[in-house]
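K.L.:
Listed here are the chains, written in short residue letters.
Number of protein chains: 2
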Amino acid sequence: MKEEVQDWFKELQHNICQQLEEADSKGKFIHDVWDRPGGGGGDTRLLSNGKIIEKGGVNFSAVWGKTPEHVLRSLQLPADEPSEFFATGVSIVMHPVSPMVPIIHMNIRYFEMSNDTWWFGGGIDLTPHYVQADDAKYFHQRLKAVCDEHHPTYYGEFKRWADDYFFLKHRNETRGIGGIFFDYLKGEPPFSRKSRFDFVKAVGNLFAPIYTHLMTKNHQLPYGEKEKQWQNLRRGRYVEFNLVWDRGTKFGLDTEGRTESILMSLPPLAVWAYNYQPEPSSEEERTLNLLRKGIDWVNS
Amino acid sequence: MKEEVQDWFKELQHNICQQLEEADSKGKFIHDVWDRPGGGGGDTRLLSNGKIIEKGGVNFSAVWGKTPEHVLRSLQLPADEPSEFFATGVSIVMHPVSPMVPIIHMNIRYFEMSNDTWWFGGGIDLTPHYVQADDAKYFHQRLKAVCDEHHPTYYGEFKRWADDYFFLKHRNETRGIGGIFFDYLKGEPPFSRKSRFDFVKAVGNLFAPIYTHLMTKNHQLPYGEKEKQWQNLRRGRYVEFNLVWDRGTKFGLDTEGRTESILMSLPPLAVWAYNYQPEPSSEEERTLNLLRKGIDWVNS
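So the sequence lines, in the order shown, correspond to chains P and W. Here the working numbering is used: the first residue of the first sequence is 14, the next is one more, and so on. Here the working numbering is used: the first residue of the second sequence is 14, the next is one more, and so on.
Be careful, since some hints might not be right.
No distinction is drawn between identical chains; accordingly, a pair holds when it is met within one copy or between any pair of copies.
To be verified - Below, simulated DSS-like cross-link-like pairs (lysine-lysine); rule was C-alpha separation at most 27 Å, straight line:
id, residue 1, residue 2
1, LYS306, LYS15
2, LYS64, LYS306
3, LYS182, LYS79
4, LYS306, LYS41
5, LYS39, LYS79
6, LYS182, LYS207
7, LYS306, LYS263
8, LYS230, LYS207
9, LYS64, LYS239
10, LYS263, LYS157
11, LYS23, LYS239
12, LYS306, LYS79
13, LYS306, LYS207
14, LYS306, LYS182
15, LYS182, LYS230
16, LYS15, LYS239
Note that these hints are calculated values from the structure, not bench results.
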């Protein structure tokens, strides 16, 4: 199973990069292949200064070895028991040039331990600088359709989880319009490893069509200095989420993960202004008011 | 004692703002007075777009009330015991326009609990975009002189503490050239509350002369686009330290502190580039090689 998941993830990385390059029409991914001292490694792909994508990364990794103590502790397993782990995943973040194109994030991952424990996790979420109702509806409809094909409770459960996860407590704001987030998808009946993997594959396959659609649709919309400044402030919030609240980022930085691959999620540039308040009734204020948990985007 | 410390801190804030405005010659601090729902409040002062200072904050706060459970836990006290706390402090971060002027941070604070526990904490550290040997020596000599006046072990101990504290583990870099950091300065003999407070006052009084000296000395040094880009990348590191490692920031954001006052420490603008490496033998590489613990700046 390990090899099957890993091979499929690697192939997905390849396909996504190809489709993003095609949609961008200018930017090309550089490849950075790296080894992990304790076992395994990764392939970090980065596109900079494209026509539509300003900075974006598509990371693949497959790492294994002795299970670190902190992982055993977090799983409430005895820290002194000899144990091997295997983890593989694909992680994507795209920061577009235009404030009219949303930031997007996707991650899918698979974890296995020598005691036969295994699970899948992942998610996709969208962070528009300006929330556009038709895009938000399109995005959630596509996610819901894929979830519904695999289990009737998936969308509702994973959408709520995304609302709770992609949340900046210190700002009382969601990061964007959410999406889906899931973790610890194991093999309890009626689920099998195959049915969980099928779902994760479907989520992975959803990324390129969704984002290339939003790129193509929005990158020619007009904008000016005001929209660019707002984008930079929203990128500041993206930095705050990733460095303060994102568990994956914190875990990676705290446990000697590959820093450059982890922090490829940060924007090329971000701005902070003290106590910035958008103008009343502006587009910026309208977007800020939509960064709330619990909005039913599918029926909005 | 509470009132005495609080009044002295407030006065210090006033004096520092005045001296910074004078040295900057253009920027003026705005005042933002706020209340804390549970008791107390603060006075956040922010200077933007000065001649020398691009964005800088000088915060005063004095807060009190029921001791939060997490504070009791962190002090290993029973979480269900009724207890009142009082905390007051001054926090400063300055981000200059010119990459030839260093970023500086200072904090002094006093904490008291209803069970008669009290302590002082604080520190000053300097983050040059380009390390200049004479400035680094000047900075540490001034700190050492003040420490030595108060106790022979202070400088060595607090300098080491700063090296350990202002450290980006995920980059294996110190934030800058360090300085001094201290916490839990209590009344164990030979120390009294008065002798600890005298030391903290001396640290507070050191800030304005040190930083106005560095502002005046360096702001007219020439620089170009390359130095500006490097400054933006180093500001990215400053963001990483404050959001990932700084205990005060994390504590504040996690416990419903006033977000805008806490995050005034962030730069006006920051840049991230994937796997950026300075040119061999460049000034940027030379600085990077000096971001190490344990350098004896006084005798360098």
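K.L.:
For each hint, tell me whether it holds in the structure or not.
P.N.:
Outcome of the hint check:
| no. | hint | verdict |
| --- | --- | --- |
| 1 | LYS306 / LYS15 | neither (36 Å within a copy, 42 Å between copies) |
| 2 | LYS64 / LYS306 | neither (33 Å within a copy, 42 Å between copies) |
| 3 | LYS182 / LYS79 | between (35 Å within a copy, 22 Å between copies) |
| 4 | LYS306 / LYS41 | neither (36 Å within a copy, 39 Å between copies) |
| 5 | LYS39 / LYS79 | neither (42 Å within a copy, 59 Å between copies) |
| 6 | LYS182 / LYS207 | neither (36 Å within a copy, 39 Å between copies) |
| 7 | LYS306 / LYS263 | both (23 Å within a copy, 23 Å between copies) |
| 8 | LYS230 / LYS207 | neither (35 Å within a copy, 67 Å between copies) |
| 9 | LYS64 / LYS239 | both (20 Å within a copy, 24 Å between copies) |
| 10 | LYS263 / LYS157 | neither (29 Å within a copy, 35 Å between copies) |
| 11 | LYS23 / LYS239 | neither (40 Å within a copy, 37 Å between copies) |
| 12 | LYS306 / LYS79 | neither (39 Å within a copy, 30 Å between copies) |
| 13 | LYS306 / LYS207 | neither (32 Å within a copy, 51 Å between copies) |
| 14 | LYS306 / LYS182 | within (12 Å within a copy, 34 Å between copies) |
| 15 | LYS182 / LYS230 | neither (32 Å within a copy, 42 Å between copies) |
| 16 | LYS15 / LYS239 | neither (49 Å within a copy, 46 Å between copies) |
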